[in-house]
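Chains A, B and C supply the protein sequences, listed in that same order.
Residue 275 in this note's numbering is what sits at position 275 of the first sequence, and the numbering runs on without skipping anything.
Residue 64 in this note's numbering is what sits at position 64 of the second sequence, and the numbering runs on without skipping anything.
Residue 43 in this note's numbering is what sits at position 43 of the third sequence, and the numbering runs on without skipping anything.
Simulated from the structure, these hints should not be mistaken for lab results.
Bear in mind that the values here come from a model prediction, so they are computed numbers and not experimental data.
Hints are not guaranteed to be accurate.
[As the list claims (entries may be wrong)] Just a few of them, taken from the derived set where beta-carbon distance is under 7 Å, the chain A residues facing chain B:
{"id": "1", "residue": "I12"}
{"id": "2", "residue": "L15"}
{"id": "3", "residue": "F19"}
Every residue, glycine too, gets a C-beta built ideally from N, C-alpha and C.
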Amino acid sequence: MLPIVLLSVFGIVVLFLGFSKSKNILLPATLLFLLVTLIANFVDWNHQYLYFNDMLWGNNASMVFSGIVLLSAFFVVALTRGFEQEGEAAQPAEYYGIMLFSLVGAIMMISYENLIILFVGVEILSVSIYILTGSDKRNLRSNEAALKYFLMGAFATGIMLFGMALMYGATGSFVISDISEIIGTRAWNEQSQLLYAGLLMLLVGLLFKVSAAPFHFWTPDVYDGAPTIFTAYMSTIVKTAGFAALYRLLAGSLASLQDYWFATLATITVLTLLAGNVTAVYQTSFKRMLAYSSISHAGYLLIALTSLTAKSQSSILFYSLAYSLSTVSAFGVLILVSQQQASNNYDAFNGLAKKNPFLAFVLAVSMLSLAGIPLTAGFMGKLFVFTDAAQKGTIWLLVVAILASAIGIYYYFRVLIAAYFKEGDLATIRIAPFYKVVLIIVTTLTIVLGLFPDLVLQLV
Amino acid sequence: MEKMHLPSDFLPIFIQLGLALGFIITTMLVTHSIGPKRNSKLKDEAFECGIPAEGDARTPISVKYFLIAILFVLFDVEVIFMYPWAVNFKSLGWAGFVEMLLFMGLLLAGFYYVIRKGVLKWE
Amino acid sequence: MFSEATAAIPDVIQQVKIQHYIFLATALFVIGIVGVLTRRNAIVIFMSVELMLNSVNLLLITFSAYRSDPAGQVFVFFIMAVAAAEVAVGLAIIVMIYRNTRTIDVGFLNKLKF
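So that you can see chain A by itself, here it is in the shape it has in the complex (with noise of 0.2 Å):
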């Protein structure tokens, strides 16, 4: 409960802070109230907390993922520097503000017990995030990147509530685990019709939100349209939040249904898997790329998340910590080169080893675990994914997954190949000591996660 209050009220104070006179002061004003929201997150550890007449429940998990997600943002503003030189149209304290904001929902979506929660989470979230994608104003890529993800956005949520109000007709409740003892009582052929066809419409808005095929089409459109540095903030935390939502849906409600999505979702995650790995070959632009990275990385935790094993839910964490850590620091490293380069491409990162050897070893670690090199975090978390699905026996789901983490290979390669074998006159690139720091901090987890996983599992 309590990073939800301090959330709503330092977004508040950001708001505030935009009319005094020095804009400088936001920034560090941001990352301390992250920090304190931070801490404030684990207040509640070792216990089992249930809050606003039981509408909100937590534990340690629900409390780990609200940290990945806290954390991730916190790395995200800290690269924000820039805002303050867009010029007269540059509004940092309102951006400041809406990233608080949409926290509060990501953490709505994380600890929900009642649907209504679930809901008001989801659209917390995805309204800040239609505006952040929409805030270089004067671009019309930026313009059409917002208007495709507020239209589809909206048409998701009326699927995904058109599904909640089946659900409710069939089980008499929106609470989690009274749909699960609900349905407990009944026998698959006995339940009611209308709650198979609300369960179908509230996955399918769901999965809109974490990008998983055939629901994708928005993704790479809205990630390239974006600013940059709002791309990373959506890649990462709309993902960890969305998968924490779902898991927390089909393990806390529907896992005695098990036998009758799991065909469903496992047609969704192989087709998730092709259409990210396989599109992400054709593309040009490095930035688009990573918008398709994050679709098939969305199809190594949907593995997870349909084989539903005891251990998915510390799966499902530690792939999305390792991926919302290699993902920051991707963009990190785009936001610098494609300032100096004015370009996204693959061609911008040519020879950037050679006068940038600190940029291009970030880069390298981050490529690395995302195509799930050993020694890197992405390794460990498609190993523990991986585990799961073979614990389930789906033995035809992991070759998929395997055949697609070799193609990745070599699109991951190909951004590596060009920064450390190719000719290229990039100059020395001026980076800011916070942002090097931000970039150190976040490389080094990479690599110390990757060896020592047991970090982050001993705690949930």
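With chain A fixed as given, assemble chains B and C onto it according to the hints.
Below, chains B and C without anything else, positioned relative to chain A:
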């Protein structure tokens, strides 16, 4: 117990519908037929003073109106949370009152923000 | 359906069967979906989305009335408030695009392609 419904049960609704539609159609027809019509190009133009009409009447209106309309939608809808509170005013007691004060306080913070941003300044 | 709970429901509500309401809500929802998929004007698409949300409201109120359970109606309040917020943001985005392009036809949005 099942109750049967004959179409005649809905008769009042249809009568109401007929009356509403009838009134609109009759007034539209009657005003058109009774009123005298003398149309000419000269008559449609501005008389003696004023600037000649130009372009379409459906031009985009000032952004100020748009912002105020949006703010109206936002603040208007928040009232729906007060209805349930008003209905259960007594049973919710002081706790409910404090919660509602908090809610209004947050709304007022938003309102103050809007004023400070200068959205409501007319000139 | 709902046979176990019908005793608590007032006669007035029972006069129209719940199926009718479900069909009506579904029909409205499908009209909304078709609108979203076929129209090219951003505002009309947006109106279709609102129609979808309102069909959900109707469905929730129906279930709520037939179950004598207030939770559904509470949900409707939240949907209305959130829909208003969504309208505000959505219209702001549409106005922003109109200022830059002088059109709100979604066919113009083709800058982003792979």
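Holds or violated: is there a CB of chain B closer than 7 Å to the CB of I12 of chain A?
Interface hint status for I12 of chain A: holds (6 Å vs cutoff 7 Å).
F19 of chain A as chain B interface residue, shortest Cβ-Cβ below 7 Å:
6 Å, holds
Identify whether the interface hint at L15 of chain A stands, where standing means a beta carbon of chain B within less than 7 Å of its own.
It holds, given that the least Cβ distance between L15 of chain A and chain B is near 6 Å, below 7 Å.
Hint compliance for this structure: every hint is met.
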